[in-house]
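Chains P and H, in that order, give the protein sequences.
When we follow my numbering, the leftmost residue of the first sequence carries the number 238, and every step to the right adds one.
When we follow my numbering, the leftmost residue of the second sequence carries the number 238, and every step to the right adds one.
The hints are simulated quantities; they were obtained by calculation from the structure and are not laboratory data.
Treat each hint with caution, since some may be false.
Copies of the same chain are indistinguishable here, so a pair counts whether it falls within one copy or spans any two.
[As the list claims (entries may be wrong)] Distance condition first, Cα-Cα at most 20 Å in a straight line; then the derived SDA-like pairs of lysine to any residue:
| id | residue 1 | residue 2 |
| --- | --- | --- |
| 1 | LYS514 | ASP312 |
| 2 | LYS298 | CYS263 |
| 3 | LYS283 | HIS268 |
| 4 | LYS454 | ALA392 |
| 5 | LYS344 | ALA315 |
Just so it is clear, the structure is predicted and the values come from calculations on it, not from any experiment.
2 protein chains.
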Amino acid sequence: MPDVHRLTVEQLSEIVVDIFARAGLCHSQAHTVAAVIVAGERDACKSHGIYRIEGCLRTVKAGKVRPDTDPELHDYGAGVIQVDAHDGFSTAAFALGAPVLAERAHKLGIAAMAINNCTHFSALWPEVERLTDEGLAALVMCPSYATVAPSGGTAPLLGTNPIAFGWPRPERPPYVFDFATSVAARGEIELHRRTGTELPEGWAIDAEGQATTDPEKALAGAMLPFGNHKGSAISTMVELLAGAMIGDLTSPEALDYLGTTALLPHHGELIVAFSPKRFAAGRPGDPFARAEMLLEAIAGQGARLPSQRRFTARGRALRDGIELTSAEMDSLERMRKFGLDVVN
Amino acid sequence: MPDVHRLTVEQLSEIVVDIFARAGLCHSQAHTVAAVIVAGERDACKSHGIYRIEGCLRTVKAGKVRPDTDPELHDYGAGVIQVDAHDGFSTAAFALGAPVLAERAHKLGIAAMAINNCTHFSALWPEVERLTDEGLAALVMCPSYATVAPSGGTAPLLGTNPIAFGWPRPERPPYVFDFATSVAARGEIELHRRTGTELPEGWAIDAEGQATTDPEKALAGAMLPFGNHKGSAISTMVELLAGAMIGDLTSPEALDYLGTTALLPHHGELIVAFSPKRFAAGRPGDPFARAEMLLEAIAGQGARLPSQRRFTARGRALRDGIELTSAEMDSLERMRKFGLDVVN
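The task is simple: from the sequences and hints, build the whole structure.
If you want it as structure tokens, here you go:
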């Protein structure tokens, strides 16, 4: 395979950080956005890999994110920490608040962090893993753009509202899930449109609110939540907790604010951290050991635990390097050289 | 309708409390178990109404719940409160801990209560509403019995693991959802068996782990989680947080412990309370008013908000009384008179 370039995590990080630094991102933002993108490539999670750099640059160029601002922590010593991203990327805010959140969860048993005023960019699983690394369980959620109709509804209102959870496992990668509360991602519908194939039933409605399997009509209409009314209820919970409750934008407000889904959204995020050690204090058995019995029983049935594919890819990348094609390397070089000029 | 008896909430409460008191439940248990059952009848939620009394009595008679013990609170002033039900019903433990949980959530912004060592009896929505009444958002979950296969699995392992959420609304009933993480309830499969009708696809697998629409085979096999791998992941989260983390039984352990699904299960429960006032402190707008915009937009699409049917029934019952048939009245009288002798 002459077309394959192998880079270490450090090598790829250096390139991506350099692209963002040249595009005007300050240290705290360039390093944290780059870390998510490199983690995506490392874990073969290409949907959050280097192809996302352009979207970040486009949002910078459009003046919809402040690339040169540091986040600010508001902490009154209670169970809730607020981090104001000052209109910068969410990743810098998370990085600033995470150690304080972890300390507080260890101390109180449960604690939460609200990120406000951010341009949201990140898969949620890197954040979940930051907390499982500290021996904490974590529940993370955020709104997005109004592109999903509530169950029984007729028009876009909810976001694809991702929700992620992690549980630390001794001597192995954590239990982690991270998924959209829509039945499919918008990109999947777009893919059906390009290939001219019908959508599975239950994915979408058209602009009149009628069920459709036509990808064109679906893109003009709305996506549907996973699991019918149950997924719709969970998605609504995400809007309430990670939008209204933290005093930040819900998905319809985020869409109004930006007026397009072509740039990264501006809203907030909620992260809840639990200390199993504190919750299990005085109770029989070790909570981590007891969880293993359940997780091993799931795997023992041949059922795949979520994120296993990512962890396998990670092991390979850490051993053999991250593989990029020549086209990908060229694209990185072009973005490094021309910065914001490569995007519209 | 000559067969209809109308009772006030107080009248029905008095009868149900009396039944439980005569069956040996102490004051704290008799009143709290009765309150859930009366709330079920009041809200036309018959699945948690008076027909559940027999199951409670059967569990008492089998010696699988301690009816005469008061719960005990362990509170170290942090964000996590533990309530030991001392093998009594969960409802008494919840009632004891709820005011402390609410006080702590108001103070810290977020707090959690773990109920341990309980025989679990309650829909989760009455507990959610207890907290929304205090201006708090609440997330509640518990395991049950291993009757559900994980997505991609072949045998029962997870419980039907209910999850419930509530958000307080000004001047009207709260936003509340409460559902099993299995695609259907076991009772619904049983109903198909009795009527000899096929199950919808995706509800269950047989004892060999193969998809089935045969209710007999489904009952001998396993139910499936809602929303495929996503619902399965959420159900696993319930096992981890409300089982392993709080040092209490997971669904397979709860089934092992009791050896039957014919009696009420013994395990724990997790309740998380959030103070929107604290989370939104210093942020623009009122979180409750902002939430209304979203909830009204959902209802404005003609989509039903969860629990609306219950709230409508509640309004009717509070106005016109709770309607019971003569057969139901006879059954109550029989249980009052003969107590534990009416059950096997």
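(request) State the violated hints by number, sorted upward, taking the hints as numbered earlier in the document. (result) none
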